[in-house]
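Chemist: Sequence:
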Amino acid sequence: MVLDAKQLCDIIDLPRDVNNLVKLRHLLVQDDTIHSSINEVGKLKSLQELRRFVVKQDHQGFELRRIGHLEELHGSLCIDSLEKVHVPEEADEAKLMLKSHLHELILRWNINWHADDFALQKHVLERLKPNRNLRKLSIIGHRGGTCPSWLSMNLSLSSLKSLCLHDVNWKTFPPIGDLWLVNVPREEISINIPEKRFGNLRRLELIHLSGLKTWAVHAPCQLFPYLEVLIIRDCSQLVELSFSHSAGCCQQGKDANDNLFPRLKELKIKRCPQLLSFAPIPWTEAPCYIKITGISSLDKLVYGKEYSYLTIEGNNKDTNDSTVWDVLAFHNLTGLEDLYLYRCQSLPLHYLQILSSLRTLHMSYLSNVFPLVEADSHVKYQFPVESLAIRGEGSASGKELTQLLVYFPNLSDLKLWFCAKVTGLAVNVRGQHATETPGTTTSANKEDQQQDARANVDVIVASEEAEHGLLILPPQLQDLEIHGSPKLRLLGSNPHDDSNKDGRTGQGGGLWGLSSLRRLEIEDCPELLSSYSSSSFSSSFPLPNSLEHLNISGAIGTGAELPLSNLTALTSLSIYRCGDLRGEGLWSLLAQGHLKELFVRGNPNFFVDSEQEIPSCSSKLQRLDIDDVSGFTAAAIRHSLLFSSLTVLSICGDYKVKSFTEEQEALLFVDSLGDITFICCHNLQSLPERLPRHPNLKRLHIWACGAIQMLPKEGLPSSLQELYIRECPKIQSLPKVDDLPSSLRYLNVRESGSEELRRQCRKLINIIPIVEV
Numbered sequence: 001m002v003l004d005a006k007q008l009c010d011i012i013d014l015p016r017d018v019n020n021l022v023k024l025r026h027l028l029v030q031d032d033t034i035h036s037s038i039n040e041v042g043k044l045k046s047l048q049e050l051r052r053f054v055v056k057q058d059h060q061g062f063e064l065r066r067i068g069h070l071e072e073l074h075g076s077l078c079i080d081s082l083e084k085v086h087v088p089e090e091a092d093e094a095k096l097m098l099k100s101h102l103h104e105l106i107l108r109w110n111i112n113w114h115a116d117d118f119a120l121q122k123h124v125l126e127r128l129k130p131n132r133n134l135r136k137l138s139i140i141g142h143r144g145g146t147c148p149s150w151l152s153m154n155l156s157l158s159s160l161k162s163l164c165l166h167d168v169n170w171k172t173f174p175p176i177g178d179l180w181l182v183n184v185p186r187e188e189i190s191i192n193i194p195e196k197r198f199g200n201l202r203r204l205e206l207i208h209l210s211g212l213k214t215w216a217v218h219a220p221c222q223l224f225p226y227l228e229v230l231i232i233r234d235c236s237q238l239v240e241l242s243f244s245h246s247a248g249c250c251q252q253g254k255d256a257n258d259n260l261f262p263r264l265k266e267l268k269i270k271r272c273p274q275l276l277s278f279a280p281i282p283w284t285e286a287p288c289y290i291k292i293t294g295i296s297s298l299d300k301l302v303y304g305k306e307y308s309y310l311t312i313e314g315n316n317k318d319t320n321d322s323t324v325w326d327v328l329a330f331h332n333l334t335g336l337e338d339l340y341l342y343r344c345q346s347l348p349l350h351y352l353q354i355l356s357s358l359r360t361l362h363m364s365y366l367s368n369v370f371p372l373v374e375a376d377s378h379v380k381y382q383f384p385v386e387s388l389a390i391r392g393e394g395s396a397s398g399k400e401l402t403q404l405l406v407y408f409p410n411l412s413d414l415k416l417w418f419c420a421k422v423t424g425l426a427v428n429v430r431g432q433h434a435t436e437t438p439g440t441t442t443s444a445n446k447e448d449q450q451q452d453a454r455a456n457v458d459v460i461v462a463s464e465e466a467e468h469g470l471l472i473l474p475p476q477l478q479d480l481e482i483h484g485s486p487k488l489r490l491l492g493s494n495p496h497d498d499s500n501k502d503g504r505t506g507q508g509g510g511l512w513g514l515s516s517l518r519r520l521e522i523e524d525c526p527e528l529l530s531s532y533s534s535s536s537f538s539s540s541f542p543l544p545n546s547l548e549h550l551n552i553s554g555a556i557g558t559g560a561e562l563p564l565s566n567l568t569a570l571t572s573l574s575i576y577r578c579g580d581l582r583g584e585g586l587w588s589l590l591a592q593g594h595l596k597e598l599f600v601r602g603n604p605n606f607f608v609d610s611e612q613e614i615p616s617c618s619s620k621l622q623r624l625d626i627d628d629v630s631g632f633t634a635a636a637i638r639h640s641l642l643f644s645s646l647t648v649l650s651i652c653g654d655y656k657v658k659s660f661t662e663e664q665e666a667l668l669f670v671d672s673l674g675d676i677t678f679i680c681c682h683n684l685q686s687l688p689e690r691l692p693r694h695p696n697l698k699r700l701h702i703w704a705c706g707a708i709q710m711l712p713k714e715g716l717p718s719s720l721q722e723l724y725i726r727e728c729p730k731i732q733s734l735p736k737v738d739d740l741p742s743s744l745r746y747l748n749v750r751e752s753g754s755e756e757l758r759r760q761c762r763k764l765i766n767i768i769p770i771v772e773v
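With UniProt numbering applied, the sequence shown covers 1 to 773.
Among the hints, erroneous ones may be present.
Unchecked claim - Taking lysine-lysine pairs in the BS3-like style, the calculated list, with each CA pair at most 30 angstroms apart, reads:
1) LYS698 <-> LYS620
2) LYS713 <-> LYS763
3) LYS596 <-> LYS656
4) LYS161 <-> LYS95
5) LYS161 <-> LYS270
6) LYS213 <-> LYS129
7) LYS161 <-> LYS129
As the list claims (entries may be wrong) - Label pairs and their calculated CB-CB ranges:
8) GLY304 <-> ASP671: 41 to 51 angstroms
9) ILE354 <-> THR647: 48 to 58 angstroms
10) SER718 <-> THR677: 18 to 28 angstroms
11) SER246 <-> GLY145: 28 to 38 angstroms
Just so you know, these hints were derived from the structure itself, not from any lab. Positions of the beta carbon are idealized from the N, C-alpha and C atoms, including for glycine.
The task is simple: from the sequences and hints, build the whole structure.
Modeler: Have a look at this one:
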């Protein structure tokens, strides 16, 4: 018989007479506590699953002997509140030895129970001997002082696969190595018998062993040949994990720390604040996941070989403490690809050299970047890193960062956050010329690399003579991000570009020398463009022709014109909060047809330019986000540009627009649009007149446009699928139900600011599939 109560979410207790279902085999429930509410459960002799039993949770019917009659039990059983067993003989009546089908057993003593009779607990556990077929065992809160003999000297669970010891105050332990305790002489601690072992143990958990000081295991490769999961947690006094190979074991003659646990897949060490010493990890060459948090020298260490990454977070105690690197077995990390360092000492170069597969390196708030070394060390140390991110290096100057970059000849992606001492950018164009020298053989290539390295050393020497804040970038960069450098400026000329001496114009300044750059993002660098005036920009292009994505935000404008006409490969342009900056050549760029996305906000003069007339054409622009409708449309009309490919339009923060002229509507609200958003247009009084006739519009969002009185009288577009109205209190109603588009699937007026609108929309529930009011 099966009783399925999984769907009864509110059930707390079962009827007291459920024990009359004597043929019941399975009671299916969502919560294990429901199993523990079966009174006189021993009557259900055919029961095959009892996940939880609480000793004497009621005056009668919950004695330990009740489960003695359940000989058919399978699966998992938790026996809770064992501190309520008053005589050892009660444990005998549980008859755990006879439950041969039970695969998991949890024995729990309530640690909040004030029991003084520790000898009783010792004898109770001794008599709760499970069947030898048991696969998983957890002992929680036992205060009996010793490990039961059936788990140590007279080990009867040699086939056990999972063992958890949680908050036990033992002086003797199972055969899992030597466990030494605080304030307990070693001679008082029972040492394991070598011939006793768990030959099949896959999982071991040591949790809240408050007196544990040292765990020592000699030849763990023999004691735990199949161990896959090791968890050590909340051992507040744990100082040392001592694992080593012994003479004659499988690793003799190999590295002392190799394959200590040859099958280990998961290691977790958590909240062991005194832990100072353990064998460098990973302990195996096999794929494994490691997470260590809250130990003496580290806040966090996370390693995943499957995805080839390592994250290390130091603590605030001493960021100059180099012992953090003693925890790593670098020879087992040769396949590591991604390394993330946070608040710790910088990684010594000789260790970094071992990480031969490293491709991504992130460094945040380190005590310093890399140690400064002699010039020839840049030839000795060349790392394969392709992506480098540095955050919060407020103490690092441009010169020091330049020295750092020379270590990475393959660098293509560079991100810098909050490097306050960087004041200027230049490009190592000399190094670029060196790298263009072809090589046909491996030896020739290697010689070229050494020559390039020496050329880069020359750059470092030159940088030492230059401004201390100047950062010289490698020419091969493809992706560059810089955030939060308050004094950073683009230079009008490049001191490391000899072509300037030839009198050539149109190149050399700014970032022109980054001829491979595809993506550039610079945010919150207010002085970025302050070196340029309108006249200085007119004779040079500060940005390379290769750019495809450009994002500049928070650069205070100086009335400068940013030349864009050379950026013929550009597909996405974002300019935010750049004051009086003007985009010179923008309209030619739009006419050429490559630009697909344009985002311009907080730049009142950006669309004002001095371009000559261009032939009338249709731009390929697909997405437009602006806060100046009049400025954009006036310039577009002047240049006879059309936007027939536009699919997404956002008008955000335009405080001037009150309504749209016929010309503006024809230009912006084209038939190709599928998504229109109005945000914070506080003076906008009406939506476009042609809006109801849009043939392809699917999504309409209106947010914080408090002056809009109503939706269009002609109704909504027949293609509309999603309508979102927020903070528009004057919009009081929608069209009648019969006039709503049949395609409408989502309606959200929850934060519209109009209770009347919300009231009306409640009537649309079950008419429109999703209505949020």
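Chemist: So, for every hint listed, does it hold in this structure?
Modeler: Here is what the structure says about each hint:
A hinted pair counts as satisfied when its Cα atoms are at most 30 angstroms apart, and LYS698 with LYS620 qualifies at roughly 20 angstroms. Restraint check: the Cα-Cα separation between LYS713 and LYS763 comes to about 20 angstroms, which is no more than 30 angstroms; the hinted pair holds. Between LYS596 and LYS656, the direct Cα distance comes to roughly 26 angstroms. Compliance with the 30 angstroms bound is thereby established for this hinted pair. Restraint check: the Cα-Cα separation between LYS161 and LYS95 comes to about 22 angstroms, which is no more than 30 angstroms; the hinted pair holds.
This hinted pair checks out: LYS161 and LYS270 have alpha carbons roughly 22 angstroms apart, not beyond 30 angstroms. With a C-alpha separation of about 28 angstroms, the suggested pairing of LYS213 with LYS129 holds against the 30 angstroms cut-off. Under the criterion of a C-alpha separation no larger than 30 angstroms, the hint pairing LYS161 with LYS129 is consistent with the structure, at around 16 angstroms. Checked against the given bound of 41 to 51 angstroms, the beta carbons of GLY304 and ASP671, roughly 50 angstroms apart, stay inside it.
The hint said 48 to 58 angstroms for the Cβ distance between ILE354 and THR647, and at roughly 50 angstroms that hint holds. Under the hint 18 to 28 angstroms, the C-beta atoms of SER718 and THR677, about 20 angstroms apart, fit the expected range. At about 30 angstroms, the beta-carbon gap between SER246 and GLY145 stays in the expected band of 28 to 38 angstroms.
The earlier numbered hints are all upheld by this structure, with none contradicted.
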